[in-house]
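Enquirer: Please arrange chain B with the ligand on chain A, whose structure you already have, making use of the hints.
Heads up: the sequence lines are chains A and B, in that order.
Per this note's numbering: the first sequence = residues 1 to 251.
Per this note's numbering: the second sequence = residues 1001 to 1201.
Warning: the hint list may mix true and false statements.
[Stated by the list, open to error] Using C-beta positions, here's what the derived DEER-type ranges look like:
no., chain 1, residue 1, chain 2, residue 2, range
1, B, 1106, A, 81, 45 to 53 Å
2, A, 233, B, 1097, 37 to 45 Å
3, A, 203, B, 1144, 23 to 31 Å
4, B, 1073, A, 192, 45 to 53 Å
5, A, 117, B, 1017, 46 to 54 Å
6, B, 1075, A, 222, 22 to 30 Å
[Claimed, not checked] Derived list of chain A stretches under chain B, where covered just means 3 residues or more per stretch with a C-beta under 8 Å from a C-beta of chain B:
no., segment
7, 62 to 69
8, 228 to 240
Everything labelled a hint here was simulated from the structure, so no lab data went into it.
Bear in mind the structure is a predicted one, so any value in this text is a computation, not a measurement.
Yeah, the Cβ is synthetic: ideal placement off N, Cα and C, and Gly gets one too.
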Amino acid sequence: MAGTALQRRLTWRVAEVVDLGDETPRVRSLVLSVPGWPGHLAGQHVDVRLTADDGYQAERSYSIASAPAAGERLTLTVERLADGEVSPYLAGELRAGDKLELRGPIGGYFVWDIAIGGPLLLVAGGSGICPLMAMLRLRQAAGSDIPTRLLYSSRSLEEVIYRNELDRLVATGTALDVRLTLTRDQPERWAGYHRRIDTDMLTEVAWAPNERPLTFVCGPTPLVESVAESLVNLGHEPTRIKTERFGPTGG
Amino acid sequence: MGFVSRAFKGRPRDQPRDARVPPGQYLVRDFPVLSAGPTPHTPLAEWSFSIDGEVDAEKHWTWEELRALPSETVTRDIHCVTKWSKLDTIWEGVSVDTLLEGVETAADYVMAVCDGGYTTNLPLEDLTGGKAWIAHAFDGQPLESQHGGPGRLLVPHLYFWKSAKWIRGLRLMNDDSPGFWETYGYHMYGDPWLEQRYSGD
Ligand SMILES: Cc1cc2nc3c(=O)[nH]c(=O)nc-3n(C[C@H](O)[C@H](O)[C@H](O)COP(=O)(O)OP(=O)(O)OC[C@H]3O[C@@H](n4cnc5c(N)ncnc54)[C@H](O)[C@@H]3O)c2cc1C
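Chain A extracted, bound-state conformation:
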């Protein structure tokens, strides 16, 4: 469980929204310009803090979806929860030019870098794709051919975040395989999976345990628990399975 120690002081910074784009009907990406941003690793997150005019504050964590790169730009991708306090503001109210307080990067365990190698198994549910996308974008930007498989569970094709970009990554990248499972609605003649991720699906998609894949699982708690458990039962080394759960309700 060795890793790089991150012992830098995390100060609040004021970021500016420079661009917004809808990924799905409920999910929006925010491109932020963060003066003084120290850089990040794929998989890390930031804490965002909103302040009302009476001083009331709400803080939540959001994964950095953009690849590590020089400069001050970051992308966050936010799913709007119906009665949520923060996500409807970020993915509904914010406009280009608005300012936002955040600090980070946070987390040093659920991270991947080219030097860490593979093969790589990425398993996502819903917005759990966000930190994994930073890894896929990094891999692409580096022209890496590290064998990589993504298994991504969504309710419907319409709700698949980054769908076009994933298609493009598969078409233009090397040694990347993306499998979708659509748990609620499938288009006609859908040839992919249409059930929750289970052991059989992981047997088909995951690397064999003796290939010692490095695995990142991210999504609602029940998905993360069951995927990690299935992988251990299939013989994968627990220490090579890294998990991140998006609370609070765990979907």
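Expert: Chain B with the ligand alone, transformed into the frame defined by chain A:
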């Protein structure tokens, strides 16, 4: 006045803020989970608990021996560094005072050592004097493995990652040294009332 987020209102706050909720936290009713890897499942027959490190004599318990010690039921508020708090959670566990009875040590710090390779560091005085337990039940039920069962450390006055899941021992140390989460930038102490989330807070 400092920074204001344009048009952010937040949840209605017609009631005064609950004095039991530390700054930056919000209340949940369910019980979220935070961990870095798969949930370990050590069979109870293979489970043991140790006190070792800077002690004159190590102490060990099997699961049955630990469960035979007197347990206390405590109702406490818990606060996770990921911003949720949960009030009046009911736990049953063996007080760390009970486990440390008769242990001779000059150590000031403790590393909680867990299945799965997790560790977290705490000052010894935060574990003594009725402030910490090895919890084996939550809400009247045996503690689920997802939530750290069979046994987790319960130190409710610190952020909840210090209440290490799947605990297997306390290693006494003369000097403080970062555990698993602390190595990745989380605070060495973790007082929720001072918002000691990350290193430097
Ligand atoms: C490390 C990490 C990384 C994350 N990365 C991302 C990411 O990249 N993208 C992303 O979209 N999310 C991410 N999340 C989740 C994110 O932090 C928020 O939890 C999420 O956006 C919901 O926040 P919210 O304020 O909108 O909802 P909250 O107000 O927190 O509510 C969440 C849900 O609980 C219910 N609820 C909670 N409290 C109440 C209450 N008092 N009354 C009624 N209902 C309540 C709401 O109905 C809502 O559906 C991440 C979380 C973590 C821990």
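Enquirer: Against this structure, judge whether each hint is valid.
Expert: Each hint tested on the structure:
no.: 1; hint: B:1106 - A:81: 45 to 53 Å; verdict: 51 Å, holds
no.: 2; hint: A:233 - B:1097: 37 to 45 Å; verdict: 39 Å, holds
no.: 3; hint: A:203 - B:1144: 23 to 31 Å; verdict: 26 Å, holds
no.: 4; hint: B:1073 - A:192: 45 to 53 Å; verdict: 50 Å, holds
no.: 5; hint: A:117 - B:1017: 46 to 54 Å; verdict: 48 Å, holds
no.: 6; hint: B:1075 - A:222: 22 to 30 Å; verdict: 27 Å, holds
no.: 7; hint: 62 to 69; verdict: violated (count 0)
no.: 8; hint: 228 to 240; verdict: holds (count 6)
Taken one by one, the earlier hints fail for this structure only at number 7.
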